[in-house]
Structures are given as structure tokens and as C-alpha cells.
Amino acid sequence: MIKLTEQPIQAQEALDAIADCNAGANLLFVGTTRQWTGEQETRELKYECYQEMALKQMQQLHDQAMEKWPLLGVCMIHRLGSVPVGETSIAVAVSSAHRQPAFQAGPWLIDRLKQVVPVWKQEINQQGDSSWVHPVNPGATS
Amino acid sequence: MIKLTEQPIQAQEALDAIADCNAGANLLFVGTTRQWTGEQETRELKYECYQEMALKQMQQLHDQAMEKWPLLGVCMIHRLGSVPVGETSIAVAVSSAHRQPAFQAGPWLIDRLKQVVPVWKQEINQQGDSSWVHPVNPGATS
Amino acid sequence: MKINLVVFAGVKEVLGWERLEIALTAPATVADLKRQLLLTYPEITDLMAHCVISVDQEYSDDSTVLEEGCEVGVIPPVSGG
Amino acid sequence: MKINLVVFAGVKEVLGWERLEIALTAPATVADLKRQLLLTYPEITDLMAHCVISVDQEYSDDSTVLEEGCEVGVIPPVSGG
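Chains as they are written, first to last, in my numbering: chain P, 13 to 154; chain V, 13 to 154; chain Y, 551 to 631; chain X, 551 to 631.
No lab work stands behind these hints: they were computed from the structure.
We treat Cβ as the ideally placed atom computed from N, Cα and C, and that holds for glycine.
Where hints are given, some of them may not hold.
Claimed, not checked - FRET-style restraints, in silico, Cβ to Cβ:
1. Q112/V / N137/P: 20 to 28 Å
2. S142/P / G98/V: 38 to 46 Å
3. G98/V / E568/Y: 44 to 52 Å
4. E621/X / Q71/P: 28 to 36 Å
Isolated chain P, as found in the complex (with noise of 0.2 Å):
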């Protein structure tokens, strides 16, 4: 299951997605909005997206973590607009019959989903000043 959601992302959801009683293995990461990241305190975290592109990009990498494991399950939820502290920006959930498999296909999907899914954040500290994040300047999350 891949999505894009504006809503909270419940943790279920996504383990509902790769449920399979063939599945000995589920593996779930979940991205949340971090308080402090050194001296500098978000207050939450704003996501944009060119959707289309993303839905595909997510898709793609769906399907290539599929051909590289032998998964039963995968999905991905995004979440867009804002993100308060503590709350999920993003689910990643593999299930496999064994464990090795899910514990390779999860940092690889996430690891690729922050390298080509267009999707971009803005950080907005106490002060309501907000600024772009980029990789070569990380921001709040994970």
C-alpha cells in the first residue's frame, strides 16, 4: 500500500497493509517530529509534495524492494501539511516470512524514500520562523 494522507497515520494501518499469515516477520519504522535537534527546537514540521510524482517514486520502490526480498507486504504512508512534535510523518512497514529480509528492505525503503520521492519539509521553530530542509542541512526528523 502506498499513500499520501493530509490525516495522522495510525501505526495499525500499516501493519493491517502487510499482514499475512505467511508473515513471521513484520517490520515497522515510523517517522515522528523531533523536539530538539541540538540548541534548536522545532515546533512542527511542514511537508509539500508533487503528488503525482511522489505516488509514483513510492510505487517504484515498492515494487523494486518486492523484487529485491522475498516480501509478503509493503507499504508506505506519507503524511503532508503540517506535522506537530511527537507526531508520524511517515510509516514504512515489510513483512517476510523470515526476519532477515524485513530487516534489509526497511532501511533500504526508507533510505531511498529520502532520496527520490519528491517531497520537501519546512521547519518551523518556536518563534514561528520557518526555513527549508534540505539533506545537506538536516532538519527535525529521523
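Add chains V, Y and X to chain P, keeping to what the hints say.
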């Protein structure tokens, strides 16, 4: 949080246990009873344990993981008794500011748990026959 | 020929718009489009140095040929997750 | 001296009990206890080859010294998770 329980494990409970406003990364591994292992069909797994020692060993793994990596939370919940196909026998969750420690600690914890925590499973097949699962004779979970 | 340009994040903020139909002399590649964009909008020169171009929602390179009616995105460094 | 023995899984099934107080001549190590167990319960010889011994809920080795009243576990290969 360390817990042994005869009740069904809720994934959200493990995620809640590791939630931290300074966490950007939250990783949850859920081991479930698999229906098929090759041509062998499983009906349920039955877990028993050496409770005092299992809790002690799990607490030691918790502490060791907290020392090895900059983690914000570690949670391990193991179910005991009967775990039917599709249900959760083990939940391991870790949180950290960035995702790398979580992705290293997660598989380490489940690997170590399977090596040192005194829990034993019996596999019950569709005919109702039971057999002890030993690591040399891998069974129907992850 | 005409193409549909779409911009995001910091580039969108500087330009003040998100989508625009642009006229290009055919045949044109991504490199040709980038040259024309920098001439028309010199204010995004610094940002463009870090952007890549998508054509019909796929990543492209300078040699990718643009077709009539395609959708071209100016993609700043992504920061999802 | 007396120690409290506790057994699990397949060993428990073969022996038909889970806990037993056992008398040992002090001083005694884990190796001494294992010898005595195999003499008393030869039916667990094959299983014991794959078991390790815990003393007061910690893994031990053959040289670990047993104390009066300690809890000794016979731990078959674990299979949790």
C-alpha cells in the same frame, strides 16, 4: 519496558512505551505465528518460559542496548501460552533521535533475545501433534 | 511547442507561482529548457544549481528530449521522511 | 547442602516434574551437579548434552560454585521470539 504476558500483544502498546518527543525514529519488530513453513502447516505455537530468568535476561538486553546505542526507549514484550496463526508472539521496539541506532539496535535485540532469553516454543500442527522447536530445527516464526 | 512547468518548495516561493505553460522551440532537451529558465528567471540561478528536472514524473538528465505537452518539474533536494 | 532444581520444556516432559529440592555434598560446582543428575536420571542424557545450566537465573559454566539454597535451572536450547 520489559513484559511477559499471556494476553494478545497490541503493537501500539510497544510504540507508546518508546515514544519520546526527542525521537525522530521509532522501529517496531513484530514476530507472528506463520501458517506455512515449507510444506508444514502450523495451527498454533505454544510458548513457555523460565519467568524470573527471562525477565532478568530481557532487562539485561535492554540495558546493554541502551549502552551500545544512543536510544531513547527500548521495549520488549513476549507472549506466553498459545499463539494462533497470525497473532503476535514478540514485539521489540526502539526509538532514537536519528534512524541509524534504531535500525542497528532492533535486529540486535531480536537476535540476542532468540539466543539468551529462556523461552521455548512448541509447534502444534494441523493434526494436533506437538513438537519442541529448537534453533537447530527452526520453527514457524520469524 | 508548449510544455507544462511545475515548481516546488523554495523555487516556488521565489517565483511566486507553481504551474506555468512555457513555449519552447522544438526540438528541445532538458538542457535547452534549463538555459531558457535561467535567462527568464535569473533570481533562481542559485537554487537551480541544486535542482534536478523531472519529465512526466520521472527523473531526467540534460539530454532528455521534451515532447509537446509534457510536464516538467523543477525538483529541489528532497527532504521527505 | 540443598539446592533448588528447575527444569523446562523437553526435560520437564521426560522427568514429569518441574521443581525439586536436591541434596549435594558441599563444596559442589555445576560440573558436580551435572554428573549427579546424569547418574540419577540417565533418561535425560541425550537432552542434557544440549542444555546449559543457570545458577540464580544467570548463565553459568562447569566451574561455577553452587551455594546452599541457590536455584539451578536446566536450560534447553531456547526458541523464543
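Outcome of the hint check:
1. Q112/V / N137/P: 20 to 28 Å: holds, 25 Å
2. S142/P / G98/V: 38 to 46 Å: Holds, since S142/P and G98/V (Cβ atoms, about 45 Å apart) stay within the stated range.
3. G98/V / E568/Y: 44 to 52 Å: Given about 46 Å between the Cβ atoms, the range holds.
4. E621/X / Q71/P: 28 to 36 Å: Because 56 Å falls outside the window, the suggested range is violated.
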